[in-house]
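2 protein chains.
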Amino acid sequence: MLEHEIKIPASPAKSYRTEIGSGLLGGLWPRIEADFNGYNKFVVTDENLVSAGHLEKLLGQSDAPAFVISPPGEASKNIDTAVTIIETMEKACLGRDTLVVALGGGTVGDIAGFAAAVFKRGVPVIQIPTTTVAQADSAVGGKTGIDSSLSKNAFGAFWHPSAVYIDVATLTTLDDRQFRAGLVESFKHALIADSEYFEYLENNLDAVLERKSEVLEKVAQFNCKIKGDVVETDPYEQNKRRILNYGHTIGHAVETASGFELLHGEAVAIGIIAAGMIEIELKIAPKDRLERVRQILEKLDVPVKLPPNLAEKDLIDLIKHDKKAVNKWPRFVLLNDIGQVYCPDGQYAVDVAPEILGRVLKIL
Amino acid sequence: MLEHEIKIPASPAKSYRTEIGSGLLGGLWPRIEADFNGYNKFVVTDENLVSAGHLEKLLGQSDAPAFVISPPGEASKNIDTAVTIIETMEKACLGRDTLVVALGGGTVGDIAGFAAAVFKRGVPVIQIPTTTVAQADSAVGGKTGIDSSLSKNAFGAFWHPSAVYIDVATLTTLDDRQFRAGLVESFKHALIADSEYFEYLENNLDAVLERKSEVLEKVAQFNCKIKGDVVETDPYEQNKRRILNYGHTIGHAVETASGFELLHGEAVAIGIIAAGMIEIELKIAPKDRLERVRQILEKLDVPVKLPPNLAEKDLIDLIKHDKKAVNKWPRFVLLNDIGQVYCPDGQYAVDVAPEILGRVLKIL
Chain Y
0 MLEHEIKIPA SPAKSYRTEI GSGLLGGLWP RIEADFNGYN KFVVTDENLV
50 SAGHLEKLLG QSDAPAFVIS PPGEASKNID TAVTIIETME KACLGRDTLV
100 VALGGGTVGD IAGFAAAVFK RGVPVIQIPT TTVAQADSAV GGKTGIDSSL
150 SKNAFGAFWH PSAVYIDVAT LTTLDDRQFR AGLVESFKHA LIADSEYFEY
200 LENNLDAVLE RKSEVLEKVA QFNCKIKGDV VETDPYEQNK RRILNYGHTI
250 GHAVETASGF ELLHGEAVAI GIIAAGMIEI ELKIAPKDRL ERVRQILEKL
300 DVPVKLPPNL AEKDLIDLIK HDKKAVNKWP RFVLLNDIGQ VYCPDGQYAV
350 DVAPEILGRV LKIL
Chain H
0 MLEHEIKIPA SPAKSYRTEI GSGLLGGLWP RIEADFNGYN KFVVTDENLV
50 SAGHLEKLLG QSDAPAFVIS PPGEASKNID TAVTIIETME KACLGRDTLV
100 VALGGGTVGD IAGFAAAVFK RGVPVIQIPT TTVAQADSAV GGKTGIDSSL
150 SKNAFGAFWH PSAVYIDVAT LTTLDDRQFR AGLVESFKHA LIADSEYFEY
200 LENNLDAVLE RKSEVLEKVA QFNCKIKGDV VETDPYEQNK RRILNYGHTI
250 GHAVETASGF ELLHGEAVAI GIIAAGMIEI ELKIAPKDRL ERVRQILEKL
300 DVPVKLPPNL AEKDLIDLIK HDKKAVNKWP RFVLLNDIGQ VYCPDGQYAV
350 DVAPEILGRV LKIL
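Line order of the protein sequences matches chains Y and H.
Residue 0 is where the first sequence starts when you use the working numbering, and the numbers rise one by one after that.
Residue 0 is where the second sequence starts when you use the working numbering, and the numbers rise one by one after that.
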């Protein structure tokens, strides 16, 4: 038997800029043209962005091709949409010197990012998130995903963006329920990483809900810093990045069990309350911390209790199928203080006995 | 405007082993189980491998799940097959701790590699190539691809395998035309990188065509060394890897223009002759070199002339749409000696005037 070893060298470090401002969409295109000179641009967006006037504002006089996803939202986050986008790029004779520009919420960012990751083995993408959830979370970090007929994000790739532009003015056109639910991810960032940010949210929640631009910019900055720090430490989700999953293990199960009637952020809000209850069961948190958390979530007007039609057994089954489960039971991210993840023996996620989870789901 | 820079650290270097032997398929599975302990295995193969008995030989007593692509070949290299594979993995409750095992020719390796690259944002794959073209070329190097309805490999990813196992005994069941056409990639390796290998092929071609295992092992070893060296230098095709494209710019056009009546290696053989003619036109090669090349290709019994039904104009159009074209005209990889790529000013691919290409296509 003969052997030959093939050594793939380290890929070099790289970095990308996140820019945050109010109203930056208007003057952005000429800067994208200059910063990504030599690339053909291809915009991916959805109908909501067109009707809100954001696509027109971005493109200005440019005649760059744009693909408009229809209908907007999770219903289009499937492989057919990705195939249609890629074949549209091929028909436009676009090659490897193409820059995909994702303008929209988390779904647009996910679909466009995935299409960029696999188009002719990968072309760069920039993200222009326009919702609270995308600005706080999904636009930064390089995760892309497409649903299969069986589960969310069954197809995906890690594909870091080449730049992220956050215009908080785009949030003013977002409907109220989406706006509030998306803020749950900001709140989660504060919980896992920054007690100062948590206090800022407690003290400025009215201004956030009034969508005051200077406060939204500050929130975006906190989010980029926290998410960015985690992504820098663990860009491919092998360890520390799991802390971003706080509230998500139960949250994902609740979201799926609701048949996606609940928005992602709404389900995560319930998951955050459940995590707080587990922390009390495990005696790693004083009870008043959960009350402080609940107060903010109630002010956000997102659910803090399980909808009565969700069966505990279904939730347990879904949790067993969690993407991160090993031997059919996931580990849970928990807090030992606001701004600080519970991390015994250097583990960011810990075992929680099914009985404890059962008790929590009964009172949730 | 606020800014925040996100730094993605370098990914660490990694390496993988290629093992070459005759008859190693039989004892391989227990070793895969040991080397990839902790992973659930999922085999992707096609009907040809089942009927040749290779799947049974690989699996032995194991009941690992296997997906059998049907029909075999390029007709199945589409997104529907990839989706079906991924949903089959989901239905089997497989998670991120899955190892995809690709057993087959280039198409199987491409589909399985792509499915592994995008399943839940990427799981490892090992390649067990069973054809001359896959053993010489596609199994090593990490390129994966799926055709769209418009073009070859429109979807793809760079996804380096975790190991490659080459059993030259699997070549004994390959039909003669496939066997011979696949050898063109071996021959190309010799041309671009190793005059000693070229001489070895000249001197041992009868034994190669008789499929003598010790000679096939030696050929596989030359191939892994040459392809491996290029991949190590340029794992993501940014520069030197282009030399692997020798004969392929015209070859791809010929393959497409033939409506895929010609096998890939057959079309590349014609492309290699065309490249040799361009070298004569550019006066970078003595005429007798092309004759030496032609002699081997004729002995391989692959085409060395354009089929009469292919129009020169169609070929030029296809060449303009080459994946690597910039401003609608690709650069060509050429040789200045056997085993040595013509590399003026450090460029591995050079401009060739359309008039020169026109003259060559007329006499080809």
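In case anyone wonders, no lab produced these hints; they're calculated from the structure.
Careful, some of the hints might be misleading.
Since the list can't tell identical chains apart, any single copy or any two copies may satisfy a pair.
Capping the alpha-carbon separation at 25 angstroms, the derived lysine to any residue pairs in SDA-like fashion look like this [claimed, not checked]:
no., residue 1, residue 2
1, 13, 238
2, 282, 0
3, 239, 12
4, 90, 325
5, 298, 328
6, 217, 344
7, 323, 91
8, 13, 205
9, 13, 240
10, 319, 303
11, 323, 283
12, 40, 15
13, 6, 35
14, 286, 29
15, 13, 236
16, 90, 315
17, 323, 64
18, 282, 349
19, 327, 287
20, 239, 11
21, 13, 234
22, 211, 325
23, 40, 324
24, 6, 236
25, 312, 152
26, 322, 194
27, 312, 280
28, 286, 259
29, 40, 325
Since this is a predicted model, take the numbers as computed values, not measurements.
Structure-based check of each hint:
| no. | hint | in the structure |
| --- | --- | --- |
| 1 | 13 with 238 | both (20 angstroms within a copy, 19 angstroms between copies) |
| 2 | 282 with 0 | neither (58 angstroms within a copy, 43 angstroms between copies) |
| 3 | 239 with 12 | both (19 angstroms within a copy, 21 angstroms between copies) |
| 4 | 90 with 325 | between (43 angstroms within a copy, 16 angstroms between copies) |
| 5 | 298 with 328 | neither (33 angstroms within a copy, 60 angstroms between copies) |
| 6 | 217 with 344 | neither (34 angstroms within a copy, 51 angstroms between copies) |
| 7 | 323 with 91 | between (39 angstroms within a copy, 16 angstroms between copies) |
| 8 | 13 with 205 | neither (38 angstroms within a copy, 51 angstroms between copies) |
| 9 | 13 with 240 | both (18 angstroms within a copy, 22 angstroms between copies) |
| 10 | 319 with 303 | within (22 angstroms within a copy, 59 angstroms between copies) |
| 11 | 323 with 283 | within (23 angstroms within a copy, 58 angstroms between copies) |
| 12 | 40 with 15 | within (18 angstroms within a copy, 37 angstroms between copies) |
| 13 | 6 with 35 | between (32 angstroms within a copy, 19 angstroms between copies) |
| 14 | 286 with 29 | neither (53 angstroms within a copy, 52 angstroms between copies) |
| 15 | 13 with 236 | both (17 angstroms within a copy, 18 angstroms between copies) |
| 16 | 90 with 315 | between (46 angstroms within a copy, 18 angstroms between copies) |
| 17 | 323 with 64 | between (38 angstroms within a copy, 21 angstroms between copies) |
| 18 | 282 with 349 | within (14 angstroms within a copy, 69 angstroms between copies) |
| 19 | 327 with 287 | neither (33 angstroms within a copy, 66 angstroms between copies) |
| 20 | 239 with 11 | both (21 angstroms within a copy, 17 angstroms between copies) |
| 21 | 13 with 234 | both (11 angstroms within a copy, 17 angstroms between copies) |
| 22 | 211 with 325 | neither (44 angstroms within a copy, 46 angstroms between copies) |
| 23 | 40 with 324 | between (39 angstroms within a copy, 17 angstroms between copies) |
| 24 | 6 with 236 | both (23 angstroms within a copy, 15 angstroms between copies) |
| 25 | 312 with 152 | within (24 angstroms within a copy, 44 angstroms between copies) |
| 26 | 322 with 194 | neither (29 angstroms within a copy, 51 angstroms between copies) |
| 27 | 312 with 280 | within (20 angstroms within a copy, 76 angstroms between copies) |
| 28 | 286 with 259 | neither (31 angstroms within a copy, 70 angstroms between copies) |
| 29 | 40 with 325 | between (41 angstroms within a copy, 15 angstroms between copies) |
Hints 2, 5, 6, 8, 14, 19, 22, 26, 28, counting from the list given before, are not met by this structure.
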